[in-house]
Amino acid sequence: MSGARLGPWIVVGLAALYFVLPLVATFEFSLSMLRGTWSFEAYRVVFADPAFRQTFGFSVLAALATIVLGALLVVPTAYWVRLRFPRLRAVIEFVTLLPLVIPAIVLVFGYLRLYNSSSWLPFTGSAWGTNLLLVFGYVVLSLPYMYRAVDTGMGAIDIRTLTEAAESLGARRRTILFQVILPNVRAAVLSGAFLSFAIVIGDFVIAGLLNRPAFGPYLALIGQNRAYEPAALAVVAFAATWGCMALLQLLGGRAPGAAAAPLRTRRKAIP
Amino acid sequence: MSFLDISGVSKSFGGNTVVRGFDLGVRRGEFISFLGPSGCGKTTMLRMVAGFEQPSAGTITIDGEDVTHRPPNARRIGMVFQAYALFPNMSVGDNVAFGLKVAGRPAAERGRRVDEMLGLIKLAHLKDRYPYQLSGGQQQRVALARALAPSPRVLLLDEPLSALDAKIRVSLRTEIRALQRELGITTIFVTHDQEEALSISDRIVVMSEGRIEQCGTPHEIYNRPRTRFVAGFVGTLSLVEAVAEGSGATVSVAGQPVTLAEPVPGSGRRPVTLAFRPEALKLDAGENRVNAIRGTVEAAEFLGSVVRLRVAAPGGTLLADVFNSPAAPPPAPGEPVTLHFAPGDVFALDGEGAAPVQPMAAE
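As you go down the protein sequences, you meet chains A and B in turn. Residue 35 in this note's numbering sits at position 35 of the first sequence; the count goes up by one each step and never skips. With the second sequence counted from 1, adding 1000 to any position gets you this note's numbering.
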């Protein structure tokens, strides 16, 4: 192997180590709860805890709600901006990037001020209201990823011409959005969904401060009081997150024709 | 009243007027081409008929119904785009069925119509394929079937052949024309390719800078161009400066008399520009080719069935297409030749100054 080809491999190897080593170390530590032997004792304890199942289930549900709500918000927005208000794209992009700049904790305190139980819209007055607020918060947190993914996906197909083609065939806007545009950006929506899922499962700040029984606060609580179980939990959370993503990919699977839309490359400027 | 009536339509984007005072009546079943260079407003005019753009002034009527302010999905038009625009997530069959499905036709009827349409474009065997599995020519035929399936009142074709390679372009345009005749559908075809427009249309609308320069049959447009622009844009033309005197039909090109079919308007001694098609100039004086211009061969380009000569004559440079003959090799550069032509083969253009001579090779 020549030196020119070795260099990239070293870089890739180092990056892989950086990513894999902590995982391996965590996994190794999670197996050593019983002295002198490797065992899955820590996992047994974790799975036996009903709070684990309850909080993890809660977070998965919140994640799914976030994805559905986020997609319903972002797909039509990105579509309209690209189709009708292309000049607004920079503004919308800036707005969607704000959650990366503004810490989640600021968002939560803002929510608590606006929607507390004595406000005009008392979301936090009831458990379901707070859950709703939690999901809204998650939608905001995942906005940068969802919007970017969907917007890029729309850039890859010629939505203007597809829209006009559907219009000339008599379709209304809603039909166009759900039967023509959405199926063709499904892959993009899915990749946005994966990131949203990971964000929701890993969130501590919003759930903690809204006092919801989510997985993040549970993980933090266990981490304060136990030694081996947090490591096991981290591995479980990691595996479950990837498992859920694989499931999403499988269920959402691409339509047979969703691949390779060569429209954009063939399009020329309209004289 | 015409089937499709465009009356006094103008369109401005900001301060930029791209279509001005466009008037056109299209008969039912007629095939009309909008021909012109990039930016002449032909696509914008088509998009106004489709409803994708709103005219700044004027009205558009289809079959007696004023559609000027109706949205595209309520106009019952079919449109084919340069970029095909098939729905990538749907099979060929579903693409063709889309318009019928949107219109709420029952499944059995949809199936019948899809089979009928795919039969017309001879792609029935590709019904279950997806667009990305088809060639460009096949995709455009499917797009045509999709546009025709809901039986539109008018078919609009926006440079449908421009993205295809030369051979398919020619075969598909023949196919489009045959299909259009068979279905008797009123059609507007937008193109910047004069050969396409000449070969396919009942009538051609030549446009420049948002205006109609001339509207007529391909034969009229080619043989009797009404403006200098049309003469220069459609076909190859060489221009020669001449002088007219008196009111007769005879002018003088550097002292050599040339007889025209009609007298040149005006009086007194005045400059006039003569325009020639390359196929009008011959090397032999036959039948009624009473005119002759002497010149020197600058170049001879062998194109197969014809040889295109570039001849330097006193009033300008002339292009002449002479038939290839195995017995007689074409004249060599530097050789003096006499070009003969009939009075009906030359036309006088008004206005000063000769346009640059067309390039040797046909586009």
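The hints are simulated quantities; they were obtained by calculation from the structure and are not laboratory data. Misleading hints may appear alongside valid ones.
[Stated by the list, open to error] Here chain B is said to cover these stretches of chain A; the calculated rule only asks that three of the stretch's residues, wherever they fall, bring their Cβ under 8 Å from a Cβ of chain B:
(1) 154 to 161
(2) 164 to 177
[To be verified] Quick list of simulated restraints, FRET-style, between CB atoms:
(3) A:A156 with B:K1167: 23 to 33 Å
(4) B:T1174 with A:R87: 58 to 68 Å
(5) A:I102 with B:G1021: 53 to 63 Å
(6) A:A156 with B:E1116: 26 to 36 Å
Cβ coordinates follow ideal geometry from the N, Cα and C atoms, glycine included.
Hints, verified against the model:
1. 154 to 161: Since three or more residues must qualify, the claim that chain B covers the region 154 to 161 of chain A holds, with 3 doing so at under 8 Å.
2. 164 to 177: holds (count 10)
3. A:A156 with B:K1167: 23 to 33 Å: holds (30 Å)
4. B:T1174 with A:R87: 58 to 68 Å: violated (44 Å)
5. A:I102 with B:G1021: 53 to 63 Å: holds (55 Å)
6. A:A156 with B:E1116: 26 to 36 Å: holds (34 Å)
In this structure, the one hint that does not hold is number 4.
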